[in-house]
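So the sequences go chain by chain: A and B.
If you use this note's numbering, the first sequence closes out at 1610, no skipped numbers anywhere.
If you use this note's numbering, the second sequence closes out at 1343, no skipped numbers anywhere.
Treat the hints loosely; a few may be bogus.
Stated by the list, open to error - In silico BS3-like cross-links for lysine-lysine, where the CA-CA straight-line distance does not exceed 27 Å:
1. A:1455 with B:1169
2. B:1303 with A:1455
3. B:1311 with B:1245
4. A:1459 with B:1169
5. B:1245 with B:1224
6. B:1169 with A:1425
Unchecked claim - Some chain B residues near chain A, calculated using beta-carbon distances under 8 Å:
7. 1282
8. 1302
9. 1325
10. 1326
Derived by calculation from the structure, the hints in this document are not laboratory data.
We put the CB at the ideal spot given by N, CA and C, even for glycine.
Letter by letter, the chains look like this.
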Amino acid sequence: MVPCGPDISVHPGKSECQRISDPREDKTPPEELRELKRLNDNYKTMMKSVRQHLRQEGIRLADTSELAMQQVAQEEEEHQQLMEYNRQENLRVAALREERVRKEHEAEITRVEASLVKQAQMAAAAEEEALRLINETQELVKTFIKREDLEQAIEAAMEDPTDYNFALDPDGHVFRGRNTRPEDVPKEEWEKLERAAQI
Amino acid sequence: MPYKLVGRTSLHKGKRLWEIVGQLKNFGVGRMVVRNTFEQQYKEPTFYRIVVARPMMDVGEPHANEDNRKGRALLERVFRGRHEGVVDISKVSYKADFRLIHKHEEAAYIEAYKNCKTPDITLISPVVEMPPLLKMVAERDGHAAKDLKIKLHKTAKTCRLAQEGEVPTKVYNMGLGTPVSPALYEGVI
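Bound-form chain A, shown alone:
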């Protein structure tokens, strides 16, 4: 073990005694050293207190500090309360909804039933109409000219032409025929126009 530090100067080893190193002596005047120390002490003191202050602030505002924990607990409680309120609201609204849905369902059922009835009625009416049409047509069919009677009908029609000419006077008397004049027809036989179908 080779001695080091101030030891060497007292009993230096063989290789160490010839070692040249820079002089340790400080040539600064002692007043200056004293002044420097004073300034340094002042600075150090102030700096220490500033850092202590900031450290305390850091602890106070840290995430695990009391303040923060309290705030967190408060927020948690508030959250729970709100969740509870929400749950209650949901229940209440659900009850109302149930009621409404039930009513609507009943209304739907009645409506459907009514519509069914109406449909049945309409079906019945249509059926009735159809029957009526059939009956009427059947009646009409009776008036149709049959194939066998065709020639007969043509001849009858040719023999008996219809004269569509007529005249009206302001009082509503109808005078049928192309050349008929009011003087030609005796007054007792004047036809009074009462219905459009008469023409």
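Given chain A's structure and the hints, the job is docking chain B onto it.
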């Protein structure tokens, strides 16, 4: 030819404690011992009285300068006129800085110690005004404290924090303070 001194220098001048103590009766209990650096540096009396000195014997190689370095040393110390009681010097006893005081010379040191007037303990005001920027920041951000607190080291002997009602002798602030030797600042703007 003039001699040229080489090698590392040191401000220590004297013997190691164990060198002294190893040659004394009862390992020098009761004898007074003095350190050269303290004598040079401080005007106030500084000396030691050996209470217990137990060197580690037969340890280390003498030719390699390993012996006379370790041991248990409890000494009563008067440092700069202040009596500090028994102190453990074991870690410092290797320093070749010690000098044994003759018994007839001890009285002078004790006389100096008795006549020495140590300066009063400085009372430091525990509360200090904040630097201007920090003050603004503290106001703005709502810091807990309005002033800074002085943090004094635990082993302070020449100063302490002023208690309630006491007038502080020293108040720290942001300025440079008054220099002890204004001559240094002559010509400085």
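Q.
Hints numbered earlier in the text: which of these fail when held up against the supplied structure?
A. 1, 4, 9
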